[in-house]
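The listed protein sequences correspond, in order, to chains A and B.
When the letters of the first sequence are read in order and numbered with this note's numbering, they come out as residues 1 to 327.
When the letters of the second sequence are read in order and numbered with this note's numbering, they come out as residues 1 to 386.
Hints listed in this document are in silico derivations from the structure and should not be mistaken for laboratory results.
Being a predicted model, the structure only gives us computed values, none of them experimental.
No incorrect hints appear here.
These stretches of chain A come out as covered by chain B in the derived footprint (C-beta under 8 Å, 3 or more residues):
#1 37-48
#2 284-295
In silico BS3-like pairs for lysine-lysine, Cα to Cα no more than 25 Å straight-line:
#3 A:K133 x B:K366
#4 B:K316 x B:K96
#5 B:K307 x B:K96
#6 B:K197 x B:K286
#7 B:K366 x A:K301
#8 B:K197 x B:K187
Where a beta carbon is used, it is the ideal one built from N, C-alpha and C, also for glycine.
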Amino acid sequence: MPALVWTALAGFVVLNVVIGMVTYVTLLERKFAARMQSRIGPYYVGPHGLLQPIADAIKLMLKEDVVPDAADRWVYNLAPIAFLIPCVLIFATIPFAPGLGVADLNIGVLFFLAVSSLEIVGLFMGGWGSNNKYALLSAMRAVNQIISYDLPFVFAALIPVVLAGSLQMSAIVAAQAGLWYVAYPVIGQLAFLAFLVAAVAAENRVPFDILEAESELVAGFRVEYSGMKFALIQFGEYAHMIGTSFLGALLFLGGWLGPGPVWLGALWFLLKAMAIFLVITWVRWSFVRIRVDQILAISWKLLLPFTLVLLLATAFVVAWRGGGVVS
Amino acid sequence: MDTEARQVIELGYGGNERLTMNMGPQHPSAHGVFRAILTLEGETVVAVEAVIGYLHRCHEKLGETLTYVQYPSIASKTDYVAAMTAELAYVAAVEKVGKIEVPRRAQYLRVIAAELQRIASHCLWLGTWCLDMGGALGGGATVFLYCIRERELILDLFEMLTGARLLYGFHQIGGVRYDVPAGWDRKVRETIDFVEKRLDEYEAMLEGNAFFLVRTQGVGVISRALAQDVGVCGPLIRGSGVDYDVRRAEPYSSYQEFDFKIPVETAGDCYARYRVRMAEFRESIKIVRQALGGLPEGPISSRPGVKSVGQVRVAKGDGYARVEGARGEIGAYVVADGGPKPYRLKWRGASFSNLSILPHIIPGHKVADVVAIMGSVDPVFGEVDR
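Bound-form chain A, shown alone:
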């Protein structure tokens, strides 16, 4: 069956591209953070530290893999995999250019949102299975936070869907040919802002990184992980973040649309996604972490009603302008 082989091959290629991208995005973040902090960042491995991610990966692979005696072995060992799978699976529905993707599902956005919120299962397994008090507290916080922030995240992501009238990613991009949704009057900017805040929270980055919280909970749910399992968790976290950046670029910044020939589309898409990633990184390295009760208050009292009202307003606007035929 050539179609199946083709899909499998595409999946393999995308997986490897994601691995390569995650590896080098860590370098990008470290260089960017170093600039903010008046440092140089990785410099000695390769020219300007370009081989540093490779060195890090090799180091993590060679590290001893420790399983605590008290850990629940099955849960503990499965957790990194359970965490990683949804984080990588979100790339399945993202088209990187017209027709360049694994599967451009007609419910692509829904699939992305559903799968991306599955990461909590892996997180909780890790926190519970480690049998460590810090990890347990972190797992509790994780459940609190991700349940609270997935709703505003979904609502914010649904606004472009309503505007475009389709859940298919390529259709949403096509609908932005005239006007990127971030430029849509009022609704676009507010929705983009809400999307960014919810994305930072859903990805557990500072200032919402209460489940990692190295100054309180040491490293949170992954305090007991070492070596390759730690690398898998770290990899999953970055993959999730990049995936969300791609989604943001696709929903609000017009995906691969841009000047130049069509084949430049993938490059435009990458640049837009990296711009979102760098905004998140910028926020990360300038804020202090906020407390768990404050995080929940922001979500339930502010962000959730805000995005819900915005979604309803968008629906009214679309109905008023005579669009809104959901295909």
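Please arrange chain B on chain A, whose structure you already have, making use of the hints.
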């Protein structure tokens, strides 16, 4: 402790499952080796037991075995973040016992060193405190690196003055050991001008940040009465509305000749302590400028230079001297028996008395606030355990 917090402790969340969690002695926010045994109900701390003593080095016994010439260099190891003022407390106590005069130039140099040390120490405090709240992989690390950058400049000044960057041995009985090297005063002026400008940057970065404000305002409130009952000192008591500073209450080393304000805040929370320290930065810079401008000529010590370790002897008697360190009141009590070594030495560490506030204010707060409150107390465990 306010009533709401007490209610939480007494009533709980309906469940009675409590978790005992060890924070420290090895912990990213332990500020050295501090162990807090927390009893948690969910995320809320209901009880805290502080365990200290992991850094005990028999400092007071050591003081009895070292001569008056040797010990000042060791005294700096009690509070290694603000070594200058720790040395000064010991030296001042011995001078009190021996009724030894200190030349005016030496007094001014002591003031300059102490105030520069306060700036350096507060830089480290601000950095580590934000690191506690913001994490090593977040905005906290950014503030930390900025602060360390400025602290480096002050340490460069100390290196020019004494040859050392952390533990100086600058003070000696009867004066100071080193005179100002050529060009030092110009360098000091440049540095403090630079640091003063950077302070505005920190304030803009932190006070304009809503997340920083919600993490610090109303957190860890020490009421005026509690502060006085427990006997905290330094920025903690000034943050709770008590206008008390040893430099003003009992001036030493000619502090009465300088014009400076004692910053006082009344809120008593972490933010008030932050404001007090930020104001102290500026006051210290003011004092350094005045002292440099009016630096008198003359000898830097009333005693001849050090030739042997046993050359300083003070008459029989006892004396207690106190100075205002970066963390509060540092005291040294010296009993002399006429020999080259003290018969007995007792330290009063500012961090030790400040740390005793923790069990009073932490219960009722969340786990994340524990590190914020501890950072705002700014303990140095060399001084707590001695």
